[in-house]
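Novice: Please model the complete structure; the sequences and the hints are all you need to start from.
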Amino acid sequence: MVCDVCKTNQSTVFLTQIVDGKMQKVNLCESCSKEKGVTDPTGFALADLLLGLGKNQDIEKGGPIQKCPVCGFSQADFKKTGRLGCAHCYEIFSDNLASLLKAMHKGTDHIGKVPARVLRTLEADAKMKDLERSLEKAVRAEDYESAAEIRDQIKQLETRIQS
Amino acid sequence: MKIPEILSNAGEWAGGEGPYHQIVISSRVRLARNLKNHSFPGWAKKAERLQILDEIKPVVEDLPEMGDAFSEYLQDLSALEKQVLVERHLISREHAAKGAGSAVVMNRKQTLSIMINEEDHLRMQALRCGLQLKSTFKMLDKVDSALDGKLDFAFHPSLGYLTACPTNVGTGMRASAMVHLPALVLSEQINQVIQAVNKIGLAVRGLHGEGTEAMGNLFQVSNQITLGEKEEEIVGRLNKVIEQVIEHEQNARQMLLQKKLSTLRDQIGRGYGILTHGYSITSKEALNLLSFMKLGVDLSFFPEACGAAVDELFIETQPAHLQKGSQQKLAAEERDSLRAGIIRDKLKSFPKPDITTPKPERNGPKERDDE
Chain C
1 MVCDVCKTNQ STVFLTQIVD GKMQKVNLCE SCSKEKGVTD PTGFALADLL LGLGKNQDIE
61 KGGPIQKCPV CGFSQADFKK TGRLGCAHCY EIFSDNLASL LKAMHKGTDH IGKVPARVLR
121 TLEADAKMKD LERSLEKAVR AEDYESAAEI RDQIKQLETR IQS
Chain B
1 MKIPEILSNA GEWAGGEGPY HQIVISSRVR LARNLKNHSF PGWAKKAERL QILDEIKPVV
61 EDLPEMGDAF SEYLQDLSAL EKQVLVERHL ISREHAAKGA GSAVVMNRKQ TLSIMINEED
121 HLRMQALRCG LQLKSTFKML DKVDSALDGK LDFAFHPSLG YLTACPTNVG TGMRASAMVH
181 LPALVLSEQI NQVIQAVNKI GLAVRGLHGE GTEAMGNLFQ VSNQITLGEK EEEIVGRLNK
241 VIEQVIEHEQ NARQMLLQKK LSTLRDQIGR GYGILTHGYS ITSKEALNLL SFMKLGVDLS
301 FFPEACGAAV DELFIETQPA HLQKGSQQKL AAEERDSLRA GIIRDKLKSF PKPDITTPKP
361 ERNGPKERDD E
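Protein chains in written order, with this note's numbering: chain C, 1 to 163; chain B, 1 to 371.
Since the hints were derived computationally from the structure, they do not count as laboratory data. Don't take every hint at face value.
Here's a subset of chain C near chain B, in silico, CB distances under 8 Å, partners left out [claimed, not checked]:
| # | residue |
| --- | --- |
| 1 | Phe73 |
| 2 | Leu84 |
| 3 | His110 |
Beta-carbon label-pair distances, calculated as ranges [unchecked claim]:
| # | chain 1 | residue 1 | chain 2 | residue 2 | range |
| --- | --- | --- | --- | --- | --- |
| 4 | B | Ser280 | C | Glu91 | 54 to 62 Å |
| 5 | B | Asn37 | C | Asn9 | 46 to 54 Å |
| 6 | C | Glu91 | B | Asp68 | 40 to 48 Å |
With a straight-line cut-off of 16 Å between C-alpha atoms, the simulated EDC-like cross-links for lysine to aspartate or glutamate are [unchecked claim]:
| # | chain 1 | residue 1 | chain 2 | residue 2 |
| --- | --- | --- | --- | --- |
| 7 | B | Lys57 | B | Glu188 |
| 8 | B | Lys142 | B | Glu232 |
| 9 | C | Lys106 | B | Glu233 |
| 10 | B | Lys45 | C | Asp77 |
| 11 | B | Lys230 | C | Asp4 |
| 12 | B | Lys36 | C | Glu91 |
| 13 | C | Lys127 | C | Glu149 |
The model shown is predicted, which means the values in this text are computed figures rather than measured ones. Ideal Cβ placement from N, Cα and C applies to all residues, glycine included.
Specialist: See below:
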């Protein structure tokens, strides 16, 4: 079995951890297990590894720590505080957050209230797609009169969205 | 309006006349919201926090619900004033620790309180007495919609409202009820109930929320999940669970009356004895004994008219509330003796518990949550 971290050496350390009733398994080679401090099993959280703090490639290449370009918040900050820096962090760290949110909540999709402003935009977007489809249809049918009408409607909607 | 005025009246939610008010002290809903283009308060530098505050505070003060509001910067409140607000559940303990860059705006009735730059840019909460989760949510939802028209909230199409802590993302809503469960504690069924409630994804906590001890047989039951469930579903589910907890508590009370009458008499009698004759009482002891006085009123050991005095003492005997009536800073022992004095005084007109004839439990208001 190949090591889950370096993906080259044969693994000699096999870890099984149960977090929230879910079993997680990790196989490591000797050098990677030392690097991760797995020699002390109590000080090692498998979840950290899986949640991305040990994004293995980054560490191996000595790559830059992922930071939010908007507010400068890093993964290490999240690890420390358990809070995020700004709304954009949710996009930046989305990969790592996904599993966390899944474990915490009932699903990963919000189905509750939507701000009126967002709702209006969503409706306008749907309407726009509708109009674009009708325009295409009209053009294909060489019904240029309708096409011109639809194009006017699209223009109107565009100015409304922009305002 | 200034804080002494706020303190002079207890606030509508503490009045104790809502549905099931014997068991459900209060219903609370809070919503967390953030502005789209600013860092969350915990990460933003002071200058940005002040900017956020300038953006939000006037809009909040403009709400029709805040017509006669109390609005104050946190740095302008004394430690004591902050503590009083915490004891009334009007601001969180975390918010009380804040200084420049944070503010609180609340209405005169103390049923709506909006914290600015707590963990999130906006933490708004509505508070009502008794079991009124649905109408409490509706009231707050209206406030949220009004603010939404004027502030650009951080919202993600699939994650919902974005919050500093991922545990609140989605609806940003935490709904909770404060329940008084002395009979479940006395009959040692409380752990079973807590476990059952935990199992269905609801949290049971102490008097002041997360990480606090349960005192005075008071527990806070709230939702944990904020993502993947609609607000109305969360509130409805919580409401149903609370109704079941009420039923369990009522059954436990009947059981005590029928099978453990001497235990019940003993607890109520001891509560009465110590509270009416003690000269030094800590706030924890006061809460625990007052809990049995409240139970005594509910079970007709005391006349119903005595209930208000007990409810008032629950709030008035908390440390900061005691301190505020005093000119100089009181040491803990001084507070304990002052507390005992206030209690003795208030219970002076209380008759001895009527333990001769066990009576059936007073029927609580039968109406359900208002819809």
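Novice: If a hint holds in the structure, say so; if it doesn't, say that too.
Specialist: Structure-based check of all given hints:
no., hint, in the structure
1, Phe73, "holds (6 Å)"
2, Leu84, "holds (6 Å)"
3, His110, "holds (3 Å)"
4, Ser280/B x Glu91/C: 54 to 62 Å, "holds (58 Å)"
5, Asn37/B x Asn9/C: 46 to 54 Å, "holds (47 Å)"
6, Glu91/C x Asp68/B: 40 to 48 Å, "holds (42 Å)"
7, Lys57/B x Glu188/B, "violated (47 Å)"
8, Lys142/B x Glu232/B, "holds (14 Å)"
9, Lys106/C x Glu233/B, "holds (12 Å)"
10, Lys45/B x Asp77/C, "holds (15 Å)"
11, Lys230/B x Asp4/C, "violated (39 Å)"
12, Lys36/B x Glu91/C, "holds (13 Å)"
13, Lys127/C x Glu149/C, "holds (15 Å)"
Of the hints listed earlier, those the structure fails to meet are numbers 7, 11, in rising order.
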